[in-house]
Amino acid sequence: MMRMNPIILFLAIALHSCAPTEPTIDFGKAECAHCRMNVVDRQYGAALVTLKGREYVFDDVVCMVHFVEKGTVAEDQVAAWYVCDHARPGALIDATKALYLTGPAFRSPMRGDVAAFADEAARNAAQQAEDKSLDWNSVRQVLTP
Amino acid sequence: MRELKGSILLLACLNVAHVDARTWRYRSGEGASLQTVINGTASGDTVVVEGTVSEGSIRVDRPLVLLGGAHAVIDGGGEDDALLITADHVTVKGFTIRGSRRSNLDDMSGIKVNACRGTVIANNILDKCFFAIYLSGARDALIEGNTVLGEPGAEEHMANGIHLWKCSNATIRNNRVEYHRDGIYFEFVTDSRITGNTTMHNLRYGLHFMFSHRDAYEDNHFEDNGAGVAVMFSHHIAMRRNRFLANRGASAYGLLLKEINDGEIKDNTFQDNTTGIMVDGCNRIKVHDNVFRLNGWALRLFANAIDCDFRGNTFAGNTFDVSTNGSLIPNTMSGNYWDRYSGYDLDRDGYGDVPHRPLGFFTLLVEMQPYAMVFSRSLFVSLLDRAERLIPSLSPESMKDDRPLMRPPAHLSTVSVHSAEACDGDTTRDPCAPVDACSPGLAACPHLIHLRVPHG
Chain A
7 MMRMNPIILF LAIALHSCAP TEPTIDFGKA ECAHCRMNVV DRQYGAALVT
57 LKGREYVFDD VVCMVHFVEK GTVAEDQVAA WYVCDHARPG ALIDATKALY
107 LTGPAFRSPM RGDVAAFADE AARNAAQQAE DKSLDWNSVR QVLTP
Chain B
24 MRELKGSILL LACLNVAHVD ARTWRYRSGE GASLQTVING TASGDTVVVE
74 GTVSEGSIRV DRPLVLLGGA HAVIDGGGED DALLITADHV TVKGFTIRGS
124 RRSNLDDMSG IKVNACRGTV IANNILDKCF FAIYLSGARD ALIEGNTVLG
174 EPGAEEHMAN GIHLWKCSNA TIRNNRVEYH RDGIYFEFVT DSRITGNTTM
224 HNLRYGLHFM FSHRDAYEDN HFEDNGAGVA VMFSHHIAMR RNRFLANRGA
274 SAYGLLLKEI NDGEIKDNTF QDNTTGIMVD GCNRIKVHDN VFRLNGWALR
324 LFANAIDCDF RGNTFAGNTF DVSTNGSLIP NTMSGNYWDR YSGYDLDRDG
374 YGDVPHRPLG FFTLLVEMQP YAMVFSRSLF VSLLDRAERL IPSLSPESMK
424 DDRPLMRPPA HLSTVSVHSA EACDGDTTRD PCAPVDACSP GLAACPHLIH
474 LRVPHG
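Going down the list, the sequences are from chains A and B.
Numbering-wise (the working numbering), the first sequence opens with residue 7 and increments by one.
Numbering-wise (the working numbering), the second sequence opens with residue 24 and increments by one.
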């Protein structure tokens, strides 16, 4: 049996935990870092992780966009952006790669009214005639005050 | 036989077209469906319903009075809205309503009112509906005496109890809402009143205002909701004689004010909350004659609160009376009662002769370093606090009460009522009932709430 040096083992565990991990949103308890509302809607939550590994959660994509716009966390400090998948409530997906819809059917807690989807198929399934398709850059443009 | 009944019905309805309003009786299981009866009525008629109606979604598209008789139940059977109202002057009274479809995409409700005037929804029981009462674009609505119950343990899958969207001049009176997401939710609602309601055990807020202006809420009871009451992005809201109780948690507030202008907060009781009032980005709020008892923070004022006026409030038994995250506090505090005040009143005018500085050193420290909380109530902290009080160096100059009251305001008298939580979750007891009305053993309950109310 291979003997593992305890120091290497310790370093392996310690360094492993430094890699940015996907945040979890404690729905019902977490507070939006921007608007202070409780995060309860599993279809519209959002989160970001900074380069230092600090997590911020939001109840709506619009709050995340305004939060960074305001400069509490500078844009170049953001390591990863996440949004809730509208089709799979509660699941977080990479915000920069997600596909978005906005329209009267989507009513998010802070009136961002933008829903995120993991792929084209999920988005097409939810799309109504009056909904508009967006990507991450256009979402940020639309929601920036 | 059924056909005969149907034609009689049809004849009857043709006959009454020119006569004054008439009354129809409908008993479930007999004759046509309730929907057929409704379709046969003339404007202004009354329909009395008995028994359980489970024919899916019922639609009322003309001015009608729907009265619930014996055991009147409308069960939507999971098909869209249980009852959908699309006409002016519809009254719905005395029903049990259940079985609206649960869906995250459509706002399905027990009772939905779409763009109507003069709707009255009174004395109904709404049982585990997704949204319970949902008004959209309604004017002059009255929602009174309803009991709205969600599903305990499944609040996450429930929507709001009483939900108003783009309404005006609505009255929400004496309802009880439990186990929903938000108890009462207002978005784009103007010139409306919320009076005498009880909301408890809701997942998010007992009452939630968004973008709603010139509204008043008075004499309501908010207890043990996930995060208390939130008033956000609104102006000219009057909040009087409400009770904010037992809202505990890191992000829970008795009352959360966010971007509020020109509001009035008067004669309210804040007890047993993690934070009594959180003021973030508010202008010209009058906070007068409230009682803050046994809260973690009675008042958290962010530095972006401007021209707020605090007068005649009572602060007693709180861990922190006032906290702030900034230095410049352009707000006024005067004539409040602070149980921590250690000054004297030589001229005996009822006001202390030296100002009270409610912001302790430790409060500021905790605001900067939340983990410093572990030193709460330690000897060292109380020494530092005392030093700061003698030689103020950190606390903002304007954050002081120049005329602290020596006694709690005299125009208030104490009334004791029950907190439902105190009674081991016995939610059947009316939390607003005076203690004398309860059994004698309960009078000794440690969670009794002692409200201070104006004389008379």
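FYI, nobody ran anything at the bench for these hints, they're computed from the structure.
In this text the structure is predicted, and so the values were computed from the model without any measurement.
Beta carbons are placed, not taken as given, at the ideal position from N, Cα and C, and that holds for glycine.
Treat each hint with caution, since some may be false.
Sample of chain B residues lacking proximity to chain A, with all beta carbon distances greater than 12 Å (derived) [what the hints assert, rightly or not]:
(1) Gly-101
(2) Ser-191
(3) Ala-250
(4) Val-389
Below are the PhoX-like pairs computed for lysine-lysine, each with C-alpha atoms no more than 25 Å apart in a straight line [as the list claims (entries may be wrong)]:
(5) A/Lys-58 to A/Lys-103
(6) B/Lys-151 to A/Lys-35
(7) B/Lys-423 to B/Lys-289
(8) A/Lys-76 to B/Lys-281
(9) A/Lys-138 to B/Lys-189
(10) A/Lys-35 to B/Lys-281
(11) B/Lys-281 to B/Lys-151
Which residues of chain A face chain B? A partial, calculated answer using Cβ under 7 Å [stated by the list, open to error]:
(12) Asp-32
(13) Gly-34
(14) Asn-44
(15) Val-46
(16) Gln-83
Structure versus earlier hints - violations, ascending order:
3, 11, 12 and 16
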